[in-house]
Each structure stands twice: as C-alpha cells, then as structure tokens.
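Read top to bottom, the protein sequences are chains V and Y. Following this note's numbering, the numbering of the first sequence begins with 8 at its first residue and continues without gaps. Following this note's numbering, the numbering of the second sequence begins with 8 at its first residue and continues without gaps.
It is possible that part of the hints are untrue.
Below, a sample of chain V positions facing chain Y; criterion: calculated Cβ distance under 10 Å [as the list claims (entries may be wrong)]:
#, residue
1, LEU88
2, SER109
3, ASP125
4, LEU163
5, MET175
6, ASN185
7, ARG187
8, TYR188
9, GLU189
10, ARG259
11, ASN264
12, GLU268
So these bits of chain V aren't anywhere near chain Y, every CB distance computed over 10 Å [unchecked claim]:
#, residue
13, SER13
14, ASN20
15, SER28
16, GLY67
17, VAL86
18, LYS94
19, LEU147
20, GLY151
21, GLY167
22, SER203
23, LYS205
24, LEU212
25, GLU217
26, SER253
27, LYS257
28, PHE262
Straight-line distance between alpha carbons at most 27 Å, and here's what the computed DSSO-like set of lysine-lysine pairs gives [claimed, not checked]:
#, chain 1, residue 1, chain 2, residue 2
29, Y, LYS205, V, LYS282
30, Y, LYS205, V, LYS205
31, Y, LYS257, V, LYS205
32, V, LYS257, Y, LYS39
33, Y, LYS243, V, LYS243
I should point out that these hints are in silico values taken from the structure, not numbers from a laboratory. In this text the structure is predicted, and so the values were computed from the model without any measurement. Every residue, glycine too, gets a C-beta built ideally from N, C-alpha and C.
Below are the chains, spelled out letter by letter.
There are 2 protein chains.
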Amino acid sequence: MSLDESRVQSLLNCGILPSKSQLQHRLDILQKWDLIPGSKVLEIGCGQGDCTLVLADLVGEHGHITAIDPAPLDYGAPVTLGEAQSKLKSTPYGYRITFHQSNLQDFLDSGVSEPLYDYAIFMHSIWYLPSVETLQSMLLSLRGRAKHLLIAEYVLDIRGDIAALPHMIAAISQAEFNSRYEHSSGREDNIQSIISPKMMRTAALQAGWELQREEITEAVEDLEDGRWEVGRVLSKRYLDRLEAESGASKRRQEFANALIEAVEVNRRAPRPQVKVKTLPTWQGSWM
Amino acid sequence: MSLDESRVQSLLNCGILPSKSQLQHRLDILQKWDLIPGSKVLEIGCGQGDCTLVLADLVGEHGHITAIDPAPLDYGAPVTLGEAQSKLKSTPYGYRITFHQSNLQDFLDSGVSEPLYDYAIFMHSIWYLPSVETLQSMLLSLRGRAKHLLIAEYVLDIRGDIAALPHMIAAISQAEFNSRYEHSSGREDNIQSIISPKMMRTAALQAGWELQREEITEAVEDLEDGRWEVGRVLSKRYLDRLEAESGASKRRQEFANALIEAVEVNRRAPRPQVKVKTLPTWQGSWM
Numbered sequence: 008m009s010l011d012e013s014r015v016q017s018l019l020n021c022g023i024l025p026s027k028s029q030l031q032h033r034l035d036i037l038q039k040w041d042l043i044p045g046s047k048v049l050e051i052g053c054g055q056g057d058c059t060l061v062l063a064d065l066v067g068e069h070g071h072i073t074a075i076d077p078a079p080l081d082y083g084a085p086v087t088l089g090e091a092q093s094k095l096k097s098t099p100y101g102y103r104i105t106f107h108q109s110n111l112q113d114f115l116d117s118g119v120s121e122p123l124y125d126y127a128i129f130m131h132s133i134w135y136l137p138s139v140e141t142l143q144s145m146l147l148s149l150r151g152r153a154k155h156l157l158i159a160e161y162v163l164d165i166r167g168d169i170a171a172l173p174h175m176i177a178a179i180s181q182a183e184f185n186s187r188y189e190h191s192s193g194r195e196d197n198i199q200s201i202i203s204p205k206m207m208r209t210a211a212l213q214a215g216w217e218l219q220r221e222e223i224t225e226a227v228e229d230l231e232d233g234r235w236e237v238g239r240v241l242s243k244r245y246l247d248r249l250e251a252e253s254g255a256s257k258r259r260q261e262f263a264n265a266l267i268e269a270v271e272v273n274r275r276a277p278r279p280q281v282k283v284k285t286l287p288t289w290q291g292s293w294m
Numbered sequence: 008m009s010l011d012e013s014r015v016q017s018l019l020n021c022g023i024l025p026s027k028s029q030l031q032h033r034l035d036i037l038q039k040w041d042l043i044p045g046s047k048v049l050e051i052g053c054g055q056g057d058c059t060l061v062l063a064d065l066v067g068e069h070g071h072i073t074a075i076d077p078a079p080l081d082y083g084a085p086v087t088l089g090e091a092q093s094k095l096k097s098t099p100y101g102y103r104i105t106f107h108q109s110n111l112q113d114f115l116d117s118g119v120s121e122p123l124y125d126y127a128i129f130m131h132s133i134w135y136l137p138s139v140e141t142l143q144s145m146l147l148s149l150r151g152r153a154k155h156l157l158i159a160e161y162v163l164d165i166r167g168d169i170a171a172l173p174h175m176i177a178a179i180s181q182a183e184f185n186s187r188y189e190h191s192s193g194r195e196d197n198i199q200s201i202i203s204p205k206m207m208r209t210a211a212l213q214a215g216w217e218l219q220r221e222e223i224t225e226a227v228e229d230l231e232d233g234r235w236e237v238g239r240v241l242s243k244r245y246l247d248r249l250e251a252e253s254g255a256s257k258r259r260q261e262f263a264n265a266l267i268e269a270v271e272v273n274r275r276a277p278r279p280q281v282k283v284k285t286l287p288t289w290q291g292s293w294m
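So here's chain V without its partners, still in its complex pose (with noise of 0.2 Å):
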C-alpha cells in the first residue's frame, strides 16, 4: 500500500461518504501544490466537503480549513450538505474545520474571517460559478486576503482520451442550458459555465494575481464525474425541463437537443463501448 493508499484509507475508515476516487482524485490535485503543513486554508464552494477532509488531512493539526459554500444546508442527496458536513465534524479531522454557510464577499465583510488565510482554494467550484465576471469579483476581493490562490477544475480537452468525449459535451449541453438565464439557476445543474484556463488566467491577472505554475492532472480511472454528468443529461427530468423552456427560441432548442444526442452517440464510441471517463483537471497557482 502506497502512502497515498493508506492516506486515502485511513480518510476512508472515518466513516464518510465520498468514494475512494473522490478522495484519490482530490489529494492528486493537492500534493502537487506542496502545501505547508500548519496551514489556514479557505475553501470556496467546499459543497460536502470531499476535499475539506483531504485538505484537513494535510494541513496536519496545526493546520485550520475554513470552508465555505453559499448552498443552503439542505442541498443534495441522498445525503445533505448539512448532514455531510456535521459527519465530517465527528471524525478525528472535525476540530481542524469549520464550515460557514456563506458566499465569498459577506464571509470576508464578516467578524467570524481571519484577516489573511495561507491559501484560497477553489476545488471544482469554478463551473458552478454563472460567468467570469463573478469569478473576477471573487478574485479581487481575495486579494489581499489570501497569501496564495489554488484554483483546480475540469478542462474541456480530452487530450487524445476519446472516453472522455461524452462527459465534454455533456458540460457543453449544460453550460449551454444554463446560460439562458441571468444568474445562476439554483444549482440545479452541477456545471453552470465552461470556464477555460485562459479565462481563469486572465481573470486572476486582472484582480491583480501573478500566476505561479499550471498544469494538468488526469481523472483517476474510476472517478465518477464523467458519468455522473452524462446521466444528468441524458435524464428524462433534464429533457422535461429544457422542453419546458419556453423563453428561448425554437433554433436554440433544436440545437440543445442535438447537443444531447451528441453526448447519447459518443458515448457508443469507440465500440466496443467503455466506460465514460472524466475529463482532465488543470489546476493553477498564483501568489
């Protein structure tokens, strides 16, 4: 057993409910940014917490991970934010967390903040953000108050992986549904952007951050993103509630339609039929 192994393990034997590839996935993005153990961490968009714990794990027990999602503590199933975090609050890890329910700018505003954390990260909250400018604003008001920021979420480059195909168009039909409307749409959909590097790089810039390194981290093989994205489309409940649309023109229908029935075709492909992979991670760091 590898260190990672046992490391995964042993988050594993508390008890909680992410997979052993959410957990493996999460310490291969954070092991290449080397953090310095007594650490305090923000973490925005923490969600259940999958990468609180491995951040917890790391940081060591002078470390601290301030977690924050704007989610009310009743999203999610089959499990809630609420009861996955309480659960995580009981293991062994709990006394290094603290979980606030809030959004970026009324957390920092707030008494309850440190005035400057170790590292902001943002751990596949990206997609769910409605536009770069949000990300942007998010960026300037980290300036500042963040020593480093961490920034890791999925790229729309299969990088000659063609099993990773169906989990891109799936992101597409998505961001494309999703940007029919002003803000974001109550979450409902996991991805509600298309975020590129180049936007995040460009944005940082501009808040004022000086990229430090980037690269690329594979999906474990197993890592159910992919085909969790790729059900969600696929769904009689996702159909139902694009025909429901009636604000958008027949044009922009038909072509959402097409854009799921790309992501039923590839998903055959390359016979005989694979299991659908999830799509590259890059991640980034700037100071």
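We have chain V already, so just place chain Y on it with the hints.
For chain Y alone, coordinates are given in the frame of chain V:
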C-alpha cells in the same frame, strides 16, 4: 487505377474546380444509393455544383440533373457560384445539367419544374438550413414530386476517431452562433444548424416519407471540410463577428468563447499533432 479513381480522374480532367477528395467523397456516398441510369434528379442546395457533376456522370447520357440553390450567383470565393456553374455547363457533362437560382418552394411552384423527379437529393445542404421546421416543410413539398428522397449530411459522432473532434466542436460553435438569429444569417457560415439523423428521420416520417435504408460513410482521408470549418472558427473574422454581437447575454458570449477555445485545444490532441479529419456522413434514403 480503380473504376472509382478513373471516374474521378476523368471528372477532374474536365478542368473543373472541386478537389479530388471532394469528388471522391460525393462518389462514395452516391454509389451507395445505386441511382438508376437515365434518372431525372432534383438536387436541392447544389452550391458550386461538386455533387451535380458526379450526379451527371452517374445518371449517364439519358439522365438529367436539375440543380437549385437560393444563393446569389456572385456568392462564393475565390470562385463564385455563377462562375463555377458556368464552368460545369461547358464540360462534356454540361448538357445533362440545368441550374436554377431558386428556393425549393418557388421552384416547385414554377412552370420549369418537372411534375415528378426520380430522386430528390440533399447533399450536405441540411446544415445550411436554419431549423428542422424548415426541413420538414421542404420534405412535405417534395412529397408526390419525387419518387425517392436521398439525404447525406455530417453527423456529430466521431466514431472513435479523435482526429474528427475539432470539426465536431467547430460545427457546434457555428450552430450556436447562428441559432441566435431567427432565420439563416446570410450563409456567411457553412453551418447554420446541427440537425441530427434522428431529427431528419422524424421530419421525413412526419412529411410522409418511408425510410428505406440508412448508413454511415467515413470521410476520405484528405477531405478538406473539417479543416475549413476549424479554420473558420479560429479566424479573427469569426471572433470579431462574435464580439460585435450586442444582443447576446454575457453568459452566452462566454459560452461561445469557451467553445472556440475547445476547438483550439482539442486540435492539438492527440499529440503529436495530426491533421484534422472531417466528420463521418450519415446518409438515408426514403420512398
């Protein structure tokens, strides 16, 4: 030299303009339909006449091709539609071809149309249409005016061949851009919609046509269309047109930009760089 090669070579020897791969591609598709020599064919959306020439060869000296296209005769570069069509008329096949600048309904309603054609053919002219609705009304008009309906169009299914992925995303990008307008946006882009085989089957069925056969034809190795469409989407002119769009929301503009970037990054994969391939063609025949 195979029969096909000698056929293509003799067409090229007419001094006309389409490349060898354009002719070969159309021959590959048309040969699967076993057109009866001596047939009267109505070709809808003939453009510069690449398919018209191959059809004129296939129907033999007693056959005839009526080729219509609504585009102005001065459309197209470096050679206009009018110039290309005149050139074709001057070849030994010219007497078998009649060109008309017209849309389908006006043509069928005019005195020059035959009451009944053996075949009505759409060769890569479906994605020029603004919507399935337009296609369906055309197919309805053709009912009773042609014995057979033949359609060939690209399909958003790369069938495991990653080299066709940039063409696929470029098609999605153009269709997204053009779906913003109520009607076809003056044909500046080759791709106005990404009407799928499923949509074509449904439209034909609802117009009273009975599907006889459907199949996929892979593009010949050096067919240029994939590279052309990728080049278009990555051109400065395309980006300028997109940025000049004042009607679209910020989110939609970002979505469109992300698609352009996805074309660019996926063109670089698989590494080492390979030539962009053209998407496969789906072809169906109805009675």
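Against which earlier hints does the structure fall short, listed by number upward? 1, 2, 3, 21, 22, 23, 27, 28, 30, 32 and 33
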